[in-house]
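**Student:** This is what each chain is made of:
There are 2 protein chains.
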Amino acid sequence: MALADELSCLLGRRGWRSPPNCQPWQRDWLNQSGEEPLGVAMPASTAEVTQILKLCHQAQVPVVPQGGNTSLAGGSVLGESGGVIVSLSRMNRISSPDVESGTIEVEAGAVLANIHSGLEGSGFMLPMRLGSEGSAQVGGLISTNAGGSHAFRYGMMQDLVLGLEVVLADGQIWNGMRNVQKDNAGYQLRKLFCGSEGTLGVITKANLKLHPEPVQHVTACVSLPDFNSASRLATSLRREAGDFLTAVEFFSDFGLEMALAHIPTLRFPFSERAPHYLLIEVSSSSAKVPLEDILNDVIERAFDANLILDGVIATSLSKRAELWRLREEQPEGQRLAGPQLKHDISVSPGRLAVFLLEAEKICMSILPGVRINPFGHIADGNVHYNLSPPLGQQSFAGQEAEFASQLGELASEMGGSFAAEHGLGRTKVWLADRLRNPVERRLMTNLKSAIDSTRNLNPGTLTASLKLVRPVI
Amino acid sequence: MALADELSCLLGRRGWRSPPNCQPWQRDWLNQSGEEPLGVAMPASTAEVTQILKLCHQAQVPVVPQGGNTSLAGGSVLGESGGVIVSLSRMNRISSPDVESGTIEVEAGAVLANIHSGLEGSGFMLPMRLGSEGSAQVGGLISTNAGGSHAFRYGMMQDLVLGLEVVLADGQIWNGMRNVQKDNAGYQLRKLFCGSEGTLGVITKANLKLHPEPVQHVTACVSLPDFNSASRLATSLRREAGDFLTAVEFFSDFGLEMALAHIPTLRFPFSERAPHYLLIEVSSSSAKVPLEDILNDVIERAFDANLILDGVIATSLSKRAELWRLREEQPEGQRLAGPQLKHDISVSPGRLAVFLLEAEKICMSILPGVRINPFGHIADGNVHYNLSPPLGQQSFAGQEAEFASQLGELASEMGGSFAAEHGLGRTKVWLADRLRNPVERRLMTNLKSAIDSTRNLNPGTLTASLKLVRPVI
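Line by line, the protein sequences give chains G and P.
The first sequence begins at 1 in full-length UniProt numbering and counts up one residue at a time.
The second sequence begins at 1 in full-length UniProt numbering and counts up one residue at a time.
These are computed hints drawn from the structure, not numbers from a lab.
A few of these clues could be false.
[Unchecked claim] Quick list of simulated restraints, FRET-style, between CB atoms:
1) Ala305(P) to Asp297(G): 34 to 44 angstroms
2) Gln58(P) to Asn437(G): 19 to 29 angstroms
3) Val354(G) to Gly338(P): 55 to 65 angstroms
4) Ser95(P) to Asn437(G): 13 to 23 angstroms
5) Lys361(G) to Ser236(P): 53 to 63 angstroms
[As the list claims (entries may be wrong)] Only part of the chain P face toward chain G is listed, based on derived beta-carbon distances under 8 angstroms:
6) Pro20
7) Asn92
8) Ile94
9) Ser96
10) Ser101
11) Gly123
12) Asn175
13) Gly242
14) Ser284
15) Pro290
16) Leu447
[Said to hold, decoys possible] If you want the ones that stay clear, here's a sample from chain P, every Cβ over 10 angstroms from chain G, calculated:
17) Cys22
18) Pro24
19) Gly176
20) Ala261
21) Thr265
22) Ser285
23) Asn306
24) Asp310
25) Glu322
26) Ser346
27) Ser365
28) Gly398
Backbone N, C-alpha and C define an ideal beta-carbon position, used for all residues, glycine too.
Build the full structure now, drawing on both the sequences and the hints.
**Tutor:** Okay, here's the thing in structure tokens:
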């Protein structure tokens with residue numbers, strides 16, 4: 001029997017889609033990549049995942065695991081037609097949290113927003129916050145080691161994963177569903193699977209670490225004369241309000257302009273525009289902390305030092321949400337404004353100001369007039385360094401790879417990363433091959449071969465496939 | 001030229017010791033294992049480490065990296081004579097901290113206590129605290145993924161490592177000395193090397209993440225009628241003082257008795273003895289937090305609920321140190337009391353009370369009258385479950401492996417770990433082979449082969465060597 005028929009028999013009508021009914025899974029979120037699959041498998045259990053992987057392994061047909069398909073690097077779709085997409089979306093059970101231990105067990109297809117809402121009232125939260133939480137699934141979040149706005153305080157996904165269940169390329173199950181922070185009985189497999197982008201196994205289940213839900217939040221937005229001031233304010237915040245600092249997000253006036261122009265429901269909180277803005281949030285799980293007072297203090301001293309032009313503080317839920325939208329709608333504003341190039345850079349927080357200066361010089365020398373929209377997470381040095389074409393133009397004059405390469409090189413020279421949050425996927429493998437040293441790339445290829453010896457899982461993602469990898473940006 | 005002569009020429013008089021001058025490095029801290037080496041290499045630079053590894057690789061002579069040699073699992077000494085111990089102790093440079101970014105660069109041989117003292121006055125700290133910090137070195141802390149008393153709040157060593165430099169088995173250098181929290185450009189190599197116990201490479205340098213130094217601490221010690229009460233109090237503390245909770249350490253009256261009997265400088269703070277004790281520490285980097293008030297509140301409510309028998313609160317440095325010694329001298333008290341068996345268990349914090357009940361039953365059935373001294377880190381469920389022989393006896397009647405096996409099995413069944421902090425080393429490899437599923441052990445063997453294909457680095461540690469591995473406890 002042909003593989004498609006076998007899978008169809010195994011999984012039934014709800015569990016198997018053949019072309020042309022694969023469209024919602026076939027293309028990536030940016031609609032930049034994704035070839036036609038043999039079909040989309042939608043298993044309902046770990047046992048079914050095992051069967052799927054066994055059959056595909058026998059037939060040597062590539063498998064790409066897919067969660068919410070919100071990846072920005074093309075790692076959740078096929079680079080060549082004919083493979084099988086395994087969508088985990090039907091495996092979406094969320095257990096009751098263990099409130100004595102502060103943990104929760106979830107299946108890979110659980111949507112992040114559903115975990116958040118399920119935890120309401122439990123006194124605990126999963127501190128993973130990002131724009132796509134309405135569709136991002138746990139398996140994808142783990143596979144891409146998601147970061148988001150709260151990572152500075154609570155860590156990335158790898159810091160929240162206590163245990164994992166993973167189906168390996170040949171269908172064997174690794175049951176690593178332990179439930180403890182401390183486990184030094186061998187190599188840190190659970191960490192290795194975080195960020196492995198579906199190239200080592202299909203994550204089916206996880207035990208996650210929860211944190212106490214804060215009982216109070218204070219959110220502020222300030223406008224600043226230059227990025228240096230933002231950087232100095234962030235340093236003060238880390239030092240003086242570090243126990244409470246949930247987010248320090250920055251965005252530029254150009255980004256704000258695009259967001260305000262295309263998203264009419266946004267409200268600008270100041271009387272005058274300024275070059276830069278910071279969104280600051282502090283929170284505490286103790287009601288006895290004078291949170292507003294602590295934040296006010298840092299901000300007032302920044303005013304006195306002329307680091308800040310204007311500022312607003314919000315404590316109510318609705319006002320806080322209004323301020324957050326200014327930052328969160330940055331990607332959508334730029335998307336609606338037309339063509340764009342996305343880069344996902346990190347450098348150490350103290351060097352971010354220097355990076356932005358140097359990066360601007362590089363961009364202007366590659367394509368004079370290109371418009372720069374840097375925004376992101378200042379406390380951990382992560383900048384989404386997005387570009388729009390020069391005014392009146394609709395393209396980047398074929399310089400896409402040049403931007404990625406030179407900006408990535410600058411970040412690397414400064415001890416940073418050219419793929420901070422979004423991973424390599426398919427679109428940045430060539431960049432890793434160019435910017436990371438050969439020893440590192442060889443280590444990664446060896447790891448891949450050690451765990452997926454036939455290179456059946458998500459080939460072309462993360463390490464170079466055996467075939468030539470070309471820039472696809 | 002013979003390998004010993006080549007290494008001697010390369011490293012000079014300060015850099016090479018031959019038997020019989022290898023004693024200080026040859027045996028482990030517990031004096032339980034360690035065969036005679038060909039010699040001890042003490043390189044002064046990464047370049048020298050490279051040369052050593054190249055020569056040993058060519059000669060196929062095993063290499064064991066060694067830091068402060070405070071391992072409790074025999075992973076820093078030789079299982080068979082004739083290998084080379086590489087002591088990193090001369091590579092001990094500590095850079096000035098980067099206070100803008102909150103990071104520090106250190107060489108592998110830097111002693112933890114020296115890093116702490118070097119950071120005094122900088123406003124930052126490295127939140128890694130453990131009994132052996134006067135001799136433990138960074139390379140060893142990373143290789144064993146050290147935990148310690150502050151891990152609940154700040155994480156284990158893997159959570160503090162931003163970048164690494166590692167010399168691989170064949171002498172090639174992996175330069176992963178990046179300086180950022182967010183780096184998703186491929187597999188998390190830096191995490192994989194944490195806890196790899198010298199079996200994948202020799203760590204020579206690291207960039208570490210610092211945290212703001214607290215400006216206030218409050219330490220309390222309370223006595224409790226039973227472990228259940230300790231567990232319930234710890235849950236309240238995590239929920240209501242979680243932002244500030246640096247340590248929640250527990251110990252038993254039996255442990256206290258041994259410590260008081262053998263360490264006369266200890267002071268018992270209560271008028272009456274009790275079955276259990278908790279040492280609680282909260283700290284904040286903001287002076288505006290009413291820390292004592294917050295802690296008092298939780299403790300008073302615990303009094304009202306009859307969870308606590310007595311309590312003292314200390315804010316002065318000397319009083320705090322006095323309380324800490326009660327907990328920190330537990331291992332030394334037991335060592336001085338005579339023969340002991342150490343087990344290093346973790347289960348999720350909410351299940352620790354059940355574990356202790358079940359574990360006691362197991363111990364009593366194996367050797368009636370055996371005396372149990374559980375102490376450790378209640379907030380992350382980590383218990384050092386140490387045993388002394390029944391009163392009047394000097395041995396465990398040959399039941400050593402049976403204790404390890406049955407206690408480890410209980411922890412595993414509860415979703416925990418039988419090697420929470422101390423690693424597998426040489427002494428627990430057989431236990432991992434017995435208690436961890438074959439798929440997991442195979443993944444680990446494959447990883448080892450992928451990175452150290454000739455199995456030259458620390459053979460017999462972590463994964464089984466090609467030879468038979470026997471219980472060595």
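**Student:** Under the constraints set out in the numbered hints, which ones does this structure not fulfil?
**Tutor:** 6, 7, 8, 9, 19, 22, 26
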